[in-house]
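Engineer: Protein sequence lines, in the order shown, are assigned to chains A and B.
For the first sequence, our numbering assigns the number 333 to the last residue and increments by one with no breaks.
For the second sequence, our numbering assigns the number 444 to the last residue and increments by one with no breaks.
Treat the hints with caution; some may be incorrect.
Stated by the list, open to error - Distance condition first, Cα-Cα at most 30 Å in a straight line; then the derived DSBU-like pairs of lysine-lysine:
| # | chain 1 | residue 1 | chain 2 | residue 2 |
| --- | --- | --- | --- | --- |
| 1 | A | K90 | A | K131 |
| 2 | A | K194 | A | K230 |
| 3 | B | K412 | B | K422 |
| 4 | B | K280 | B | K412 |
| 5 | A | K86 | A | K131 |
| 6 | B | K302 | A | K284 |
| 7 | B | K224 | A | K329 |
| 8 | A | K194 | A | K131 |
| 9 | A | K329 | B | K412 |
| 10 | B | K302 | A | K194 |
| 11 | A | K284 | A | K230 |
| 12 | B | K259 | A | K230 |
| 13 | B | K259 | B | K280 |
| 14 | A | K230 | A | K100 |
| 15 | A | K100 | A | K90 |
| 16 | A | K131 | A | K100 |
| 17 | A | K194 | A | K90 |
| 18 | B | K271 | B | K259 |
| 19 | A | K194 | A | K95 |
| 20 | A | K284 | B | K224 |
| 21 | A | K100 | B | K280 |
None of these hints come from the bench; they were simulated from the model.
In this text the structure is predicted, and so the values were computed from the model without any measurement.
Chain residues, written in single-letter form:
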Amino acid sequence: MKLTLKIWRQKNASDKGAFVTYPIDGISTDMSFLEMMDVLNEELAIKGEDPVHFDHDCREGICGMCSLYINGHPHGPQQTTTCQLHMRSFSDGETITIEPWRAAAFPVVKDLVVDRGSFDRIIQAGGYVNVNTGGVPDANEIPIPKRVADEAFDSATCIGCGACVAACKNASAMLFTSAKISQLAMLPQGQVERMSRAEKMVAQMDDEGFGACTNTGACEAECPKGISLTNIARMNREYFSASVKSENV
Amino acid sequence: MSWVTKTLSSTIGRKLIMALTGLFLILFLTGHVAGNLQLLKSDGGEAFNIYAKFMTTNPAVKLLSYLTYISIIGHVIFSIWLSKTNRAARPVGYGVSTPPSTTISSRNMGILGTIILIFIVVHMQSFWYQMHWGDIPFVTYDGVEYKDLYSIVVFAFQNVWMVIGYVVAMAFLAFHLSHGFASAFQTLGLNHAKYSPAIALIGKIYCIVVPILFASMPVYIYFTQS
Chain A
85 MKLTLKIWRQ
95 KNASDKGAFV
105 TYPIDGISTD
115 MSFLEMMDVL
125 NEELAIKGED
135 PVHFDHDCRE
145 GICGMCSLYI
155 NGHPHGPQQT
165 TTCQLHMRSF
175 SDGETITIEP
185 WRAAAFPVVK
195 DLVVDRGSFD
205 RIIQAGGYVN
215 VNTGGVPDAN
225 EIPIPKRVAD
235 EAFDSATCIG
245 CGACVAACKN
255 ASAMLFTSAK
265 ISQLAMLPQG
275 QVERMSRAEK
285 MVAQMDDEGF
295 GACTNTGACE
305 AECPKGISLT
315 NIARMNREYF
325 SASVKSENV
Chain B
219 MSWVTKTLSS
229 TIGRKLIMAL
239 TGLFLILFLT
249 GHVAGNLQLL
259 KSDGGEAFNI
269 YAKFMTTNPA
279 VKLLSYLTYI
289 SIIGHVIFSI
299 WLSKTNRAAR
309 PVGYGVSTPP
319 STTISSRNMG
329 ILGTIILIFI
339 VVHMQSFWYQ
349 MHWGDIPFVT
359 YDGVEYKDLY
369 SIVVFAFQNV
379 WMVIGYVVAM
389 AFLAFHLSHG
399 FASAFQTLGL
409 NHAKYSPAIA
419 LIGKIYCIVV
429 PILFASMPVY
439 IYFTQS
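Could you build all of it, start to finish, from the sequences and the hints given here?
Structural biologist: If you want it as structure tokens, here you go:
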């Protein structure tokens with residue numbers, strides 16, 4: 085395949101940045117998108133140019149590290165992570181525009197790398213459970229209905245990649261935050277901090293400078309893990325009831 | 219900040235205000251369209267004028283009207299506040315942005331709302347202001363004097379541009395409601411496998427039927443009274 089890549093290049097956080105066009109040839113349709121980026125970077129390295137920086141880690145679609153806003157979609161045209169996107173999803177001769185996630189809470193570090201530390205701080209604010217130390221508890225000691233366990237697991241499949249924020253017209257982190265609140269709110273282990281969790285995680289989400297939700301559903305449509313909008317409704321319920329019932333005046 | 223202001227100034231709290239005021243305005247629209255259907259009666263406006271007097275003098279209706287004014291103002295103020303937050307959340311936009319599989323209405327609620335707000339101002343100047351403080355003729359039914367709001371309405375809708383303006387405004391209202399109705403329930407946290415499909419269906423019917431009924435009034439008057 086022969087492609088034209090329009091890639092966002094930005095030296096550092098304070099640099100203004102601009103698109104740079106790179107022609108690339110000899111790309112196999114079986115390559116993953118990130119392998120195609122590797123080919124480009126090898127060429128750039130040989131030419132003595134600065135390679136394009138982008139985030140990636142497991143390349144198995146489970147770590148949430150890869151990002152890239154490809155041709156107007158987070159993680160590209162397929163509902164999957166960028167590492168699981170293959171070049172067969174593109175046609176020969178196509179121009180592919182690659183941009184970083186755009187959000188005030190995700191500042192660009194360099195080129196296509198953004199700092200998603202804001203997600204970590206939301207988790208730190210309340211995405212945990214307190215457990216007693218001691219011996220390993222027996223499996224299935226706490227009865228949890230299968231349906232509830234499945235639903236909690238569906239929420240827990242969120243890998244925190246930030247595609248929801250990237251897709252949202254308001255750069256809202258509500259799908260992420262709601263999935264993280266939901267996965268613990270539904271389980272017995274999550275009940276101790278249930279109210280404070282909703283209050284603290286929502287407060288942190290607002291402090292980070294994410295936008296609000298307009299219920300457009302763009303996040304759900306682009307989420308590589310298919311996290312559903314029902315999580316946002318649940319987060320709102322959790323937040324309202326925590327506000328009304330908690331002792332925090 | 220007290221817990222109330224803290225909750226209501228959070229992004230979710232502000233959305234709560236949007237949902238509650240929006241749902242109240244939907245209730246208002248339902249009453250407004252039902253009452254104004256009396257314009258379609260061929261009784262020279264008697265039923266409508268009696269209704270208009272009731273609506274401007276009954277204390278319970280007065281209370282509801284104040285709630286309506288507060289809802290409109292609250293809905294506008296909180297939408298501006300939310301929009302400012304939302305805009306600040308993405309200071310640098312994308313070079314390429316393909317709209318995903320979302321509705322045009324849901325992406326443009328602010329623009330639709332602004333057009334509706336302009337309509338409301340013109341609409342209230344035309345009738346609400348006239349009814350309260352305008353120079354309005356009187357009619358007498360069974361020895362009781364009534365303000366003849368009906369004649370003002372009929373006069374206004376002799377103007378074809380006024381009729382077109384109203385019909386277009388109702389189209390924008392339809393789009394605004396097509397997202398707003400179900401969205402308000404989602405914001406309230408009412409997302410349930412049993413009820414959400416019903417809410418979505420009622421919302422779709424509502425956003426078509428109510429604006430069409432509203433739009434039918436100026437059209438009917440234009441074609442029957444000129």
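Engineer: Please go over all the hints and tell whether each is borne out by the structure.
Structural biologist: Do the hints match the structure? See the list:
1. For the hint pairing K90/A with K131/A, the CA-to-CA distance comes to about 18 Å; that is within 30 Å, so the pair holds.
2. Distance restraint check for K194/A and K230/A: the Cα-Cα separation of roughly 44 Å exceeds the 30 Å cut-off, and the hinted pair is therefore not satisfied.
3. Taken as a hint, the K412/B and K422/B pair is honoured in the structure, with Cα atoms around 17 Å apart against an allowance of 30 Å.
4. Simply put, K280/B and K412/B have alpha-carbon atoms about 37 Å apart, too far for the 30 Å limit, and the pair is violated.
5. Note on K86/A and K131/A: the hinted pairing holds, with a Cα-Cα distance of about 19 Å set against a maximum of 30 Å.
6. Of the supplied pair hints, the one linking K302/B and K284/A holds, its CA atoms being roughly 23 Å apart against a limit of 30 Å.
7. A distance of roughly 14 Å separates the Cα atoms of K224/B and K329/A; the hinted pair therefore holds under the 30 Å criterion.
8. Of the pairs offered as hints, the one joining K194/A and K131/A holds, with about 20 Å between alpha carbons and a cut-off of 30 Å not exceeded.
9. Between the alpha carbons of K329/A and K412/B the distance comes to roughly 27 Å, so the proposed pair stays at or under 30 Å and holds.
10. At roughly 27 Å between alpha-carbon atoms, K302/B and K194/A fall within 30 Å of each other, so this suggested pair holds.
11. Proposed proximity of K284/A and K230/A is supported: the alpha carbons are some 29 Å apart, at most 30 Å.
12. Restraint check for K259/B and K230/A: not satisfied, since their Cα atoms lie roughly 59 Å apart, outside the 30 Å limit.
13. Proximity of K259/B to K280/B is assessed by CA-CA distance (about 25 Å); at most 30 Å being required, the pair is judged to hold.
14. Restraint check for K230/A and K100/A: the C-alpha separation of about 51 Å exceeds 30 Å, so the hint is violated.
15. Between K100/A and K90/A the CA atoms are separated by roughly 16 Å; this keeps the pair inside 30 Å, and the hint holds.
16. Distance check on the hinted pair: K131/A and K100/A sit about 24 Å apart at the alpha-carbon level, within 30 Å; holds.
17. Proximity of K194/A to K90/A is assessed by CA-CA distance (about 16 Å); at most 30 Å being required, the pair is judged to hold.
18. This hinted pair checks out: K271/B and K259/B have alpha carbons roughly 17 Å apart, not beyond 30 Å.
19. Between K194/A and K95/A the CA atoms are separated by roughly 6 Å; this keeps the pair inside 30 Å, and the hint holds.
20. For the hint pairing K284/A with K224/B, the CA-to-CA distance comes to about 12 Å; that is within 30 Å, so the pair holds.
21. About 56 Å separates the Cα atoms of K100/A and K280/B, which puts this hinted pair outside 30 Å; it is violated.
The earlier numbered hints that this structure contradicts are 2, 4, 12, 14 and 21.
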